[in-house]
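S.K.: Single-letter residue listing:
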Amino acid sequence: MFELNDDWDLEPKSRVCLLEDYAGSEVRWCPGCGDHAVLSAVQRLARDKQLAPEKTVVVSGIGCSSRFPHYMSTYGFHGLHGRALPVACGIRSRRPDLDIFVVTGDGDCCAIGTAHWIHAIRYNMDLTILLLDNNIYGLTKNQTSPTTPFGWRSQTHPRGSFFASLNPIAVTLGIQNASFVAQTIDWCPPHLYATIRAAHEHKGASFVRIFQRCPHFTEDVFAQAREDPGRVLLMTHAQGIPLDAAVLKMFPNRAGHDPSNLAEARELACREDVCTIGLFYRNPGGSRYDEVTAQGLGKTPGEKLAAIEMALDGFMV
Amino acid sequence: MKDAAIEVWREKLRSFLKAGVDGQPAPPPEAVLYPVKALLAWGARHHRLPADAPSLAVFYGGMLAAARKPARERLLEDLTRLSGKLRDLLAAEDSHSPEAASPEAVSASLGMEAEVFFDAAALSEALSHSTRGPLRMRPDRRRRIEATLAALEEYSREMRMAPAFWLFGAGESAAGIEAVGGRPSPHAGVLGFCEGLRDRLSGLLRAVRTARLEVENAFDPARHQERLEQLDWRSATRDELVSLPAAVVVETPERLSQESVGAFGRLLRSGYPVQILIRQQGEDLSGLRPDFGSLAVAHREVFVLQSSLACPDHLSQGLARMSETPRPAVAVISAPAQAESKSLAWQRTLLLYLSRAFPLYCYDPDRGQTWASRFQLHEERPEEALTPADAAALFPEFRCHFRVIPESAWKDEQVELCEYLAPREDAPTPRAVPFVWVADSEGRPERAIVSREMVRYCLDRLRAWTLLEELAGIRNEQAEAAVAQVRKEIEEAATNREQAAIEKAKREGASEAIRRVVAVLTGPELVKRPAKAAALAGQEPAPAPQQIAAEPAPASEAPYIDSFLCTSCNDCFKINARMFQYDANKQAYLADRSAGTFAELVKAAEVCPAKCIHPGNPRPADTTATPAMLARAAKLK
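Protein sequence lines correspond, in order, to chains S and C. Here our numbering is used: the first residue of the first sequence is 304, the next is one more, and so on. Here our numbering is used: the first residue of the second sequence is -19, the next is one more, and so on.
Worth flagging that the hints you see were computed from the coordinates, not collected in a lab. Here the structure is a predicted model, which means the values were calculated and not measured. It is possible that part of the hints are untrue.
To be verified - Here are the simulated DSBU-like pairs of lysine-lysine, each with C-alpha atoms no more than 30 Å apart in a straight line: (1) S:LYS607 x C:LYS49; (2) S:LYS552 x S:LYS358; (3) S:LYS602 x C:LYS615; (4) C:LYS486 x S:LYS607; (5) S:LYS506 x S:LYS602; (6) S:LYS607 x S:LYS506.
What the hints assert, rightly or not - For the chain S half of the interface with chain C, some residues (derived, Cβ under 8 Å), not all of them: (7) LEU313; (8) PRO334; (9) GLY335; (10) CYS336; (11) ALA340; (12) SER343; (13) GLU357; (14) PRO492; (15) PRO493; (16) TYR592; (17) GLU594; (18) GLN598; (19) GLY601.
Even for Gly, the Cβ is constructed at its ideal location relative to N, Cα and C.
Build the full structure now, drawing on both the sequences and the hints.
M.R.: Set out below in structure tokens:
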């Protein structure tokens, strides 16, 4: 009688989601765009982890990459420019049961949304933050973004960009309480997938910068690294991103890096001679703001009312 | 918290029982009544408890209430949580109704002060024009949620009102406790009552399962409706079963055997977690009284405790285990008669179990699958060999089975009863007369000859004990036979090995002797040990297996795609959506080579950002394989 669970078919979870179950509306990114690789990696991750579509949220701001929520058959929030992170923090603060992905671009995150980016990293709420960095404003057709390389010609700077480009990894590593900082490339799907998976498994704000080609405007920015794997430096470590031997073989230029070593991570992040990919830094012990904000969630309406009454009673004269 | 409460109860029970055994005056009623008051506070309000005779049933009820309280609280919490979630669902649905967009509702949700800043009527107007509201709940789902919510609230209310346990009993056995059923035979009353509770439990389970599915938004009428209708109390988890108020029945063997043996069996077979306490006083020589412990054990899946008030540790441990089982449970408890002189009654009870007339054991089906794991026999060997007759001698009603003889009549053919009963190969001599030692009023030992009935009674008790011993694994004949068999096999194998070793040593010794003799005669270099010596002498080693040079794999002629590197960028799709397709991982593979040309393959390979398309060589009839195209393909290699 007690050994048998004879009403197993009454248990709520008994379904399997396929890749199609995570595919939303028709994808309208340009052919050849690196965003496709990120989208299919996230869909594969959702399928492999069997994330319930109704318990998954993709939050984005504005930009090419921010069309992401439309292409996922989950809940989504295609929000205000630069405000993806505050919206995601708001969701996370009262919904610890959801899986939340934040998809943002170099303009959305590193220009108009910079203040939110810094504080979201500091709050360290459990979010998977994907920065799809194509080094250009692509949606508005070729304007300089904060990460556009120095001297790169665009419509706003026909004679070349005047500024040294912003390094999002170096910035993030400089923020207190950063807990997961990684970098990957869209043209190596196995590494991209493994990095996003590790980021999703990390409890806290996981920041992943993805070098993502724009086939129209910044194809050449990444051409060298793409054509010559020797220009990519792969960081490896037992605590880093787990990779198959076949993937390791693709990158002859490798360096062992302990992801708990913040000083070394900062040095590696600032190297300009190579394109460094892998896990820069991980701190599983960082304090998480969502653990505080989600307190008292299990209370019944009656208990909530009683708590409010008690708090109000404190003001009685 | 649970353990602490049980420990307090156990300690109180132990001290109460020990006080009785040692012939100490019972503790004052106020001290004993303390747990009874606590019990009342837990909700056993329906019973009028006697102030002067705190009975075992009440003590056990206290243990039961303490052991099951945590599970009950958990279930109540779960009911409250589910009700809250269902209410939230209904509230969310109500907020989408047209009424929720009325000016009054908008004004109420804005609050009083907001009227200054907002125009509720205009907002209501705007809201009512919205055509893209969320999907409304289907009417059947709403009805189901409302019905489930009502059921959950009713069960929750009912559980809070219910006592910690229901007590069934009548007359002296219940020690003056009022019967809940109010029927002369408690079992008939309990059976009906349990059937009622069972139906309520099925309803509760149905409501809880439906609520869980609804809260998870996973209720599928096609899949779940029929299964829910079939759901009955057997689907309850252990926690759910023990969280319901238990039915405790207090019985005497006399009434059980006369009136309700059938009902007793039905109750145990029903599987409902009813708890039956059988308080057994004295002994029955006639053999007419069934052995209720064995009867209950024969039901296999019933918890059975046979214990004695004279062995308080065994009793309290057994009752503590019984209070935690969600199965039907029976405790047969040997107790002194209440009306008699206290110390004599306790001595009889003590002797009954020391003489093995009343064996103590516990049978717990939750402990495992085998007798060894389920059945524990409590064995205590007194210094003197006691027989059931020694215990029976203390009962006035059995006095007629003993005849004290004067010392002048003591003869050699008289044998002490324990010797007489001892198992032997040959039958006892016909002339032997069994006796037991008794003491006269001045403490002098005297022989009392026992009657034929008493000897039969003793034999019956001892045979019963032997069977129980075998079940408990003590002196198990089959196990002993198996051990003997294995031992014999091991010894035989050892002997064979020894023999073989001796033979081998002899053979080797002889050949070694011959070798040495030959060596002395012919010189050492001519005679070599067969294998080891050859290696030492540096003979040519066996030729290593010839290494076959690995031939380079022929260059692949056919086109292929490294699918795991594909970035799903749709570039190749744009060129030919029939030749290139996506696999289950949404990564491209060459679906149909014949659906496209060599030129398309080369173009796709050129634009592929992951460089995972390899065009290979063209097919013979492919006209697009111009020298220029071949040159472009060669660059890709």
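S.K.: Each hint: holds or not?
M.R.: Hints and how they fare:
no., hint, verdict
1, S:LYS607 x C:LYS49, "holds, 25 Å"
2, S:LYS552 x S:LYS358, "violated, 37 Å"
3, S:LYS602 x C:LYS615, "violated, 67 Å"
4, C:LYS486 x S:LYS607, "violated, 93 Å"
5, S:LYS506 x S:LYS602, "holds, 24 Å"
6, S:LYS607 x S:LYS506, "holds, 28 Å"
7, LEU313, "holds, 5 Å"
8, PRO334, "holds, 4 Å"
9, GLY335, "holds, 5 Å"
10, CYS336, "holds, 6 Å"
11, ALA340, "holds, 4 Å"
12, SER343, "holds, 4 Å"
13, GLU357, "holds, 7 Å"
14, PRO492, "holds, 6 Å"
15, PRO493, "holds, 6 Å"
16, TYR592, "violated, 25 Å"
17, GLU594, "violated, 21 Å"
18, GLN598, "violated, 16 Å"
19, GLY601, "holds, 7 Å"
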